[in-house]
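We have chain A; now place chain B onto it with these hints.
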Amino acid sequence: MEQVLQYSESELVLLLSQRNETAFSYLYDHYSGALYTSILTIVGDQEAAADTLQEVFIKIFRQIDSYDSSKGRLYTWMLNIARNAAIDTTRSKGFQKTKQNQELSENVYDLAGSSEIKSDDIGLRKLVHGLRPEWRVLVELSYFEGYTQDEIAKMLDIPLGTVKTRLRAALKELHKLIKE
Amino acid sequence: MNTQEYIQSGIIESYVLGMASSAEAAELEQLCLQYPEIKQALTNFELALEANALTNAVAPPPKLKNQIFTALQSEFIAEENSTVQNKEAFSTPLQEVPVIKMNQPSRFLAAASIVLLVISGGMNIYFYSKFKETTQQYQALVLEKNTLQANNQIMQTKSLDMYNSMQMMTDPNMQKVSMPGIPGKESNYATVFWDMKSKDVYILPNKLPQPASGKQYQLWAIVDGKPVDAGVLSDCAGLCKMKNIPAASMFAITLEKSGGSETPTLSEMYVAGKVG
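In order, the protein sequence lines correspond to chains A and B.
Residues in the first sequence are numbered from 0 upward in steps of one, following numbering that gives the first Met the number 0.
Residues in the second sequence are numbered from 0 upward in steps of one, following numbering that gives the first Met the number 0.
Source of the hints: derived by calculation from the structure; they are not laboratory data.
Note that the structure is a prediction, hence the values are computed from the model and not measured.
Accuracy of the hints is not assured; some may be wrong.
What the hints assert, rightly or not - Chain A residues, not near chain B, derived (Cβ > 10 Å throughout):
{"#": "1", "residue": "D28"}
{"#": "2", "residue": "G71"}
{"#": "3", "residue": "T88"}
{"#": "4", "residue": "E133"}
As the list claims (entries may be wrong) - For lysine-lysine, the following PhoX-like pairs were computed, each having C-alpha atoms within a straight-line distance of at most 20 Å:
{"#": "5", "chain 1": "B", "residue 1": "K144", "chain 2": "B", "residue 2": "K184"}
{"#": "6", "chain 1": "A", "residue 1": "K171", "chain 2": "A", "residue 2": "K125"}
{"#": "7", "chain 1": "A", "residue 1": "K171", "chain 2": "B", "residue 2": "K38"}
{"#": "8", "chain 1": "B", "residue 1": "K273", "chain 2": "A", "residue 2": "K178"}
{"#": "9", "chain 1": "B", "residue 1": "K157", "chain 2": "B", "residue 2": "K196"}
{"#": "10", "chain 1": "A", "residue 1": "K70", "chain 2": "A", "residue 2": "K58"}
{"#": "11", "chain 1": "A", "residue 1": "K58", "chain 2": "A", "residue 2": "K125"}
{"#": "12", "chain 1": "B", "residue 1": "K196", "chain 2": "B", "residue 2": "K242"}
{"#": "13", "chain 1": "B", "residue 1": "K196", "chain 2": "A", "residue 2": "K175"}
{"#": "14", "chain 1": "B", "residue 1": "K144", "chain 2": "A", "residue 2": "K58"}
{"#": "15", "chain 1": "A", "residue 1": "K58", "chain 2": "B", "residue 2": "K214"}
{"#": "16", "chain 1": "B", "residue 1": "K196", "chain 2": "A", "residue 2": "K70"}
{"#": "17", "chain 1": "B", "residue 1": "K273", "chain 2": "B", "residue 2": "K198"}
Every residue gets a Cβ at the ideal spot worked out from N, C-alpha and C, and that includes glycine.
One chain only, chain A, in its complex shape (with noise of 0.2 Å):
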């Protein structure tokens, strides 16, 4: 293990809200990648990603006053500043746009049967790849594009209570793969 420097949560939290550089420094070495994975599963574009990290990290910095530890752990707010703003990100008018463009060039690879790295192979993505279909286009709904339960049944036209049902029974399955 090598020597750096280490932080309590706690710490890391109140230096932040001192607004402390080197504070933020260590935040950021120690979390940047794992944000930049989850927002990389959820634009697939890595030019898009890193702009979206950017902006996540801004706001974590200007808005750390408003985390609060009693409701869960600083990563996880983090985590869920990253989803959001991914999300934000695919819904561009912007973004949109060149998104189709990639489809159509990303379907020529695969009819020249190219192997392209793509963002289903990383973080939590590839272990949703795990899980059985009917559960995975919940997750893949839900999470990684942000839509409601609600407009999930509306779409696949299934129940709202199935909906609920198989997406925590899928959540549940996910965390034992994360624990794998």
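Relative to chain A, chain B alone:
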């Protein structure tokens, strides 16, 4: 509350991943305060998720850190100032410690911020106690509401029974047989309602003393001069349904052992009345 079932429901995962509704989130936060095992399960999943994310992380482009720090440069607050000042204070002999000079506005600001902190602290305590008080009052109100609701339910049932009884009493097919108290028990009184169509017998115990424990009143129909058991009186609101009696010339009530007797104990007769 079955905390294991709640923990196993998938709600914790849903909350941590930002997919719970605001109502579900509020409930989970509340339950975490009440049940340490739920809080523990929450933290465990958060830690597992975090560890997994850190292990499987893909590094962002290296230049990004610089970009972010440049963007935030003006917003960092240097910690050096305070630390250096402290160090100097420690290294200087006590008697020579200079009074740290503050100009008038910052003195005022410092004083004001302490005053505000104290006020804010006081207000926190005040509001917390208010909050606790209100929560208690709220719970008391909920309890009261439930009690009232239950009472209301009981009243409604009673009222419905009364209404049904009244409907039966005023039915033109009902024959009413008044049974006044027999000599020596004149203060007692009961009424038989006899449905001439179905021959069902109903009794209204208008005035009968509370039977001793192990005892029950029993209704008799006198058919061809012989007493026939017409059932025992149990607790019921309004009219109590008794046995079906096709024909009778008289009705009477005696006090019998609980469950009724085969033949009436004549010395324990309370009321009797002729049909017609």
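Structure-based check of all given hints:
1. D28: Given a closest Cβ separation of 8 Å, the condition is violated.
2. G71: violated, 6 Å
3. T88: holds, 14 Å
4. E133: Answer for A/E133: holds, closest chain B Cβ roughly 15 Å.
5. B/K144 x B/K184: violated, 46 Å
6. A/K171 x A/K125: The given pair, whose Cα atoms are some 16 Å apart, holds under the 20 Å limit.
7. A/K171 x B/K38: holds, 17 Å
8. B/K273 x A/K178: violated, 86 Å
9. B/K157 x B/K196: violated, 27 Å
10. A/K70 x A/K58: Answer holds: A/K70 to A/K58 is near 19 Å, not above 20 Å.
11. A/K58 x A/K125: Roughly 27 Å separates the two Cα atoms, so the pair is violated.
12. B/K196 x B/K242: holds, 14 Å
13. B/K196 x A/K175: With a Cα-Cα distance of about 72 Å, the restraint between B/K196 and A/K175 is violated, given a limit of 20 Å.
14. B/K144 x A/K58: Given pair B/K144, A/K58 is violated - Cα atoms ~46 Å apart, limit 20 Å.
15. A/K58 x B/K214: The hint is violated at about 81 Å.
16. B/K196 x A/K70: violated, 72 Å
17. B/K273 x B/K198: holds, 16 Å
In summary, the structure is inconsistent with hints 1, 2, 5, 8, 9, 11, 13, 14, 15 and 16 from the numbered list given earlier, while agreeing with the others.
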